[in-house]
Each structure stands twice: as C-alpha cells, then as structure tokens.
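Undergrad: My numbering applies: residue 37 is where the sequence shown begins, and numbers increase by one.
Because the hints were derived from the structure by calculation, they are not lab data.
For clarity, every value in this text was computed on a predicted model and none was experimentally measured.
Fair warning: there could be bad hints in the mix.
Simulated pairs of lysine to any residue, SDA-like, Cα-Cα distance not exceeding 25 Å [stated by the list, open to error]:
1) K92 x A107
2) K217 x S196
3) K43 x F94
4) K124 x D170
5) K43 x I214
6) K67 x G194
7) K197 x A51
8) K201 x K220
9) K43 x N55
10) K203 x Q166
11) K103 x E150
12) K67 x K217
13) K103 x I186
14) K67 x R123
15) K103 x D183
16) K197 x K217
17) K67 x N78
18) K217 x I157
19) K67 x Q48
20) K40 x R79
21) K103 x K217
22) K40 x S105
23) K203 x I214
24) K40 x N55
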Amino acid sequence: MNYKGDKYYIEQVLAGNSNAFSFIIDKHKDKAFNLAFRICVNREEAEEIAQDSFLKAFRSLDGFKMKSSFATWLYRIVYNSAVSQVRKRKRGILYIEDFPADFIDFTGNNISEEESEKEFINSVVNFALQKISDEERGLISLYYYDDMSIDDISRVTGISKYNIKVKNIRARQKMFEIIEKVEKKKLVYHE
Numbered sequence: 037m038n039y040k041g042d043k044y045y046i047e048q049v050l051a052g053n054s055n056a057f058s059f060i061i062d063k064h065k066d067k068a069f070n071l072a073f074r075i076c077v078n079r080e081e082a083e084e085i086a087q088d089s090f091l092k093a094f095r096s097l098d099g100f101k102m103k104s105s106f107a108t109w110l111y112r113i114v115y116n117s118a119v120s121q122v123r124k125r126k127r128g129i130l131y132i133e134d135f136p137a138d139f140i141d142f143t144g145n146n147i148s149e150e151e152s153e154k155e156f157i158n159s160v161v162n163f164a165l166q167k168i169s170d171e172e173r174g175l176i177s178l179y180y181y182d183d184m185s186i187d188d189i190s191r192v193t194g195i196s197k198y199n200i201k202v203k204n205i206r207a208r209q210k211m212f213e214i215i216e217k218v219e220k221k222k223l224v225y226h227e
C-alpha cells in the first residue's frame, strides 16, 4: 500500500472522503490495540477500546489542530479509554502465591534450552507487567514496547516528564522485585 501520511488522509476525511480514514486505521490499528491490551490485559476489551478510540478520533477529527502528531493524539485517546475501562472494571489482582514456579513447562516443547529460557523470561516479565498498576503498565508499555520518547508519553498521558521518569523508575523496581520473587520460587521448586 502506498501510504501518503496522516496529514494527507486527515485532509481527505475533512474534505468529505470518509473512506480515507481506513488508511489511518490500517496504519495505527496494531499499536492502538497493543497499548490498550497492555493496560487492560484483556483481548476483547482491548479490541473494543481500540475500535472506540478510532471512532472517537474520527468524530473529533475536525477539532484536531495538528500541533502534535496524529499518532500522539490517537494514543492519548486509547490510553485514557483503557485506563477508564480498567477503573470501571476494578478487576481482581493476582498474587505471587497464585503464580506457580512451574507455571508453564517450556522444556517440553521440543525447543532448545536457550529458547526455553527466553520464553520463561518473557512470561515472567509479562507476569510482572500485569502485577503493577494500570498507569505504570501503560507508561512502561509506551516507553519500552512502543519506543515513545518521554516528551511523547507526556503528550499522550498528560503527565509531566519528571513524573513519567519517576513512575517508570518505580514501576521497573516493582517489576524487578516481582521477578526476583518468581526466580526464588523457581529455585526452591526445582531443588
């Protein structure tokens, strides 16, 4: 597909060609879904949040001033929608005791020991990511998974750059402590 840029398609939509918005959706749908999923940790909710966010963006497109990138504006909509959804849901929290040391047997998958260890590490990191607060998970996701700068994250979330740095440090520390507990539990289980 020959993509001309968000500005071109926004101008097309504003000129009456609503079909041009499909190009914008195609470009941003994966990142919008991934951000929503990392915050709400539920595939169906994330799909709904991403769809609703595109609808909100479409309906509000005439108010978009193009002072920031469209992606930043859209991700702010997704971020706020996902955080609001999680607050409404007030889902139960998993405790480390609920997380068995052998929660997945990666060694029985006919893969190398190195691949098995990589899969285990990825699942432990994802578990730790689910254990931190929704806001922390959103900030960590934007920074590490979406490679957004602190400036862009500040624009998306409305949180000051200083607070983002502090919250990311605290979130990483919490995740590190969770991962340490899992590793200790794994060592005790395998002795």
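Undergrad: Next, verify each hint and record whether it holds.
TA: Here is how each hint holds up against the structure:
1. K92 x A107: 14 Å, holds
2. K217 x S196: Violated - the C-alpha atoms of S196 and K217 are around 32 Å apart, more than 25 Å.
3. K43 x F94: Holds, at about 13 Å.
4. K124 x D170: 12 Å, holds
5. K43 x I214: At roughly 43 Å apart (the allowed maximum being 25 Å), I214 and K43 break the hint.
6. K67 x G194: This hinted pair holds, its Cα atoms lying about 19 Å apart.
7. K197 x A51: 36 Å, violated
8. K201 x K220: Outside the cut-off at roughly 29 Å; violated.
9. K43 x N55: 15 Å, holds
10. K203 x Q166: Roughly 16 Å between the alpha carbons, so the hint for K203 and Q166 holds.
11. K103 x E150: Distance of about 47 Å is beyond 25 Å: violated.
12. K67 x K217: Given pair K67, K217 is violated - Cα atoms ~31 Å apart, limit 25 Å.
13. K103 x I186: The hint holds at about 17 Å.
14. K67 x R123: 22 Å, holds
15. K103 x D183: 21 Å, holds
16. K197 x K217: It is violated: about 30 Å lies between the C-alpha atoms, which goes past 25 Å.
17. K67 x N78: Status holds; Cα separation ~15 Å.
18. K217 x I157: 13 Å, holds
19. K67 x Q48: Given pair K67, Q48 holds - Cα atoms ~23 Å apart, limit 25 Å.
20. K40 x R79: 30 Å, violated
21. K103 x K217: Answer violated: K103 to K217 is near 45 Å, above 25 Å.
22. K40 x S105: 14 Å, holds
23. K203 x I214: It holds: about 16 Å lies between the C-alpha atoms, which stays within 25 Å.
24. K40 x N55: 14 Å, holds
Hints 2, 5, 7, 8, 11, 12, 16, 20 and 21 from the earlier list are contradicted by this structure; the remaining hints agree with it.
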